[in-house]
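Protein chains in written order, with the numbering used here: chain D, 1 to 414; chain Y, 415 to 587; chain R, 588 to 658.
Calculated from the structure, these hints are not laboratory results.
On a predicted model such as this, the values are computed, not experimentally measured, just so you know.
Ideal Cβ positions, reconstructed from N, Cα and C, are used throughout, including at glycine.
It cannot be assumed that every hint is accurate.
Heads up, simulated EDC-like pairs for lysine to aspartate or glutamate below, C-alpha to C-alpha not over 20 Å straight-line [said to hold, decoys possible]:
id, chain 1, residue 1, chain 2, residue 2
1, Y, 525, D, 371
2, D, 177, Y, 583
3, D, 255, D, 336
4, Y, 521, D, 312
Computed Cβ-Cβ distance ranges for the label pairs, DEER-style [said to hold, decoys possible]:
id, chain 1, residue 1, chain 2, residue 2, range
5, D, 262, Y, 577, 54 to 64 Å
6, Y, 463, D, 81, 41 to 51 Å
7, D, 324, Y, 457, 55 to 65 Å
8, Y, 549, D, 46, 15 to 25 Å
9, D, 366, Y, 529, 21 to 31 Å
10, D, 47, Y, 579, 22 to 32 Å
11, Y, 457, D, 85, 46 to 56 Å
12, D, 231, R, 632, 44 to 54 Å
13, D, 370, Y, 549, 55 to 65 Å
14, Y, 467, D, 303, 50 to 60 Å
15, D, 329, R, 631, 27 to 37 Å
16, D, 85, Y, 465, 49 to 59 Å
17, Y, 529, D, 63, 28 to 38 Å
Here is how the chains run, residue by residue.
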Amino acid sequence: MKLITDYKLRIVLKNFNLRLLLRFTLLIILITNFQVIVSKSQELPPDAIQVDFNSYFDNFGVSIIYPEVSFSKSLSEGTSINGRVLVDVITTASMKSHFDSVYSFVNTKQGLDAFTSASKRTHGGSDNIPDELRGEFGFGIVQLLGDATASLTNLYSIEHDYSSETIAGSLSIPFAKKNTTIQLGIVESWDKNYPQTRTWTADKSVLSSTLTFTQIFSTDFIAQLELFYSNLSGFLSDPYQVVTVVNYDSSYLQKFEPVYPDYRNRAAAGFRTLIRLADISSLQLGYRYYTDDWDIKSHTLSGLYQHQLFEDKLLLGAGIRTYFQSKAKFFKAEYDKPEEFMSVDPKLNGIFSNEFEFNLSLNGSLIPIIENEKLELNGRFNLYIRKTDSPDWHSRYDKLYAFLMSFGFRFILN
Amino acid sequence: MKNIFILFILTMNILFSNILLSVPNENSADIKVGNLAPDFKGEILDGKELKLSDYKGKVILLDFWASWCGPCQKELPFLFQMYDDNEDRNFITIAVNIDKKLNSAQKFLDKLTEKAHFPIVWDSKSEIPALYNIESMPTTIFIDKNGVIRFIHTGFTDSSKDLLRQELEELLK
Amino acid sequence: MKKIRILIFVLLIGLCVGCSTVQPWERESLSSPIMIFDKNPIEKGIKIHHIEFREGSAGATGSQSGGCGCG
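Isolated chain D, as found in the complex (with noise of 0.2 Å):
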């Protein structure tokens, strides 16, 4: 028991430590910034305001619109802040019973299906009355440090029953005449989970870290490499699921919470080129590899055409995304007896998936009336469809699909 509390406490004094290096880290960069002479070789993000308004609509029966806000503002010649806030707004995440046919065998239709991370109903069911609302607050500062850019970003997460902060840090340094960079970065997430159909809290732990090689082969060619490695620890599962064990032989037909594993292991390797076709046009081509210790394995293909018209005061894209996914191994669609580790939801089924995406992005100077070129009007369009090995444990589904919308302004302010 002591192990265990001790084992609790180092936990616990290490992200403490680390949050306090990285907050003071950030505090020494914003008083160094006044007093140190940057050598100032490479450029800073633009002072800009961005809007978006982002919408979600799928077959499950859900709908999520997210407005965002986010800005960007240099505060001398090195150094710029930035700061985002995000707003979710979820509709109808109490989804509709699709139980019918276990209900039906065993003849127990009563209590409560479902409830989903939205839900702060009693009963299941689908309505289209906002369930809930999650608040995204992020602050960041870029420092140029002679050819280097690092920046820090730090990001609140708040629902009603959930919440989540964290740190970022990146470094990035060109090289040969900046046709080579390296990229690193650090994720650090602390998570806590306080479900309101339980009485106990639960935390996470996500420690992710990333190197990415970008070259300039010619001016027609780049290409980047990224190797990506996370480590999770904690509560890792999701308190809103329901893991239904059925025997069909004996008629007997139990609710039980998921149980996953409290530590994963995931890695990754992206490659992606980006290739001109002419001299209005561009093709980007990628593709990653993920594995992990749950045994989740996937491949995804991906594309993108660009045009530009007008010169680049109009860009027109079209995009395609292909994503196949091998399940956890611990994943079943269906249990017939309680075991050590279990979970039916879909995101570690095997997966195939496509999306298909369409955007615009249109310069102020082209719009009669405003004709102004630091404003810049975005538009996106997507089709999601995943196909999972078997039916969601909820809607009973195997396919979902999923309609993504986003409009929003960035202008310029400097």
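Given the coordinates of chain D, assemble chains Y and R onto it according to the supplied hints.
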């Protein structure tokens, strides 16, 4: 997991060995403070020919810019102003534009409220920046009355303004 | 065998790096918005959030890069 680690180590190895082996541009002169500025010929926007050595005896500010380069867009109006303020002194600014299409440069210049009262060379083949082996865009080089390179700057920010004015004063003494 | 394949892959990348240098004055093509990886990182963040909520993988989706490299 192990393979990814090996990939990382090897990538780093090869990357760093390549950086060490990076070859300098073969057409470039030896450009550093204290050396003579290499002479060049170019065509200015109105079609006339310009030769750097024609301006020997004057303090020369040689600037490399392009319409597609953000900091250049901020620098150019300042150079117009600095030249106008010192026009009657022994000083000339030569701005070398490297846009592939003359139209792009012209469009940018037309948008500016300030106008250039000094020669702008259009070098679409980028022979002059190659000769000077510039490190970044924009690059600004001060050449003294004897044709010697005295200051080299890459990039442009607000603090560059005071620095450039200060250096000009020093060279005009 | 797998290690050898990775080694060959990395050596090829390395060789390519050594033989190419795009000069600062040649970057007109690269300054164009269609030659930038992830021109709008905020939009990308939203897309990744949506995907990671529906699939079991994460990471290695690339970082913003490209552009004229001016300044």
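Outcome of the hint check:
1. Y:525 x D:371: Between residue 525 of chain Y and residue 371 of chain D the Cα gap is close to 14 Å, so the pair holds against 20 Å.
2. D:177 x Y:583: The given pair, whose Cα atoms are some 31 Å apart, is violated under the 20 Å limit.
3. D:255 x D:336: Since the Cα atoms of residue 255 of chain D and residue 336 of chain D sit roughly 11 Å apart, the hinted pair holds (cutoff 20 Å).
4. Y:521 x D:312: 14 Å, holds
5. D:262 x Y:577: 54 to 64 Å: 58 Å, holds
6. Y:463 x D:81: 41 to 51 Å: 49 Å, holds
7. D:324 x Y:457: 55 to 65 Å: At 58 Å between Cβs, range holds.
8. Y:549 x D:46: 15 to 25 Å: 22 Å, holds
9. D:366 x Y:529: 21 to 31 Å: 26 Å, holds
10. D:47 x Y:579: 22 to 32 Å: The hint (22 to 32 Å, Cβ to Cβ) holds, given that residue 47 of chain D and residue 579 of chain Y are roughly 25 Å apart.
11. Y:457 x D:85: 46 to 56 Å: Roughly 53 Å apart at Cβ, these two residues keep to the hinted range, so it holds.
12. D:231 x R:632: 44 to 54 Å: 21 Å, violated
13. D:370 x Y:549: 55 to 65 Å: 38 Å, violated
14. Y:467 x D:303: 50 to 60 Å: 53 Å, holds
15. D:329 x R:631: 27 to 37 Å: 31 Å, holds
16. D:85 x Y:465: 49 to 59 Å: Holds - the Cβ-Cβ distance for residue 85 of chain D and residue 465 of chain Y, about 58 Å, lies within 49 to 59 Å.
17. Y:529 x D:63: 28 to 38 Å: 56 Å, violated
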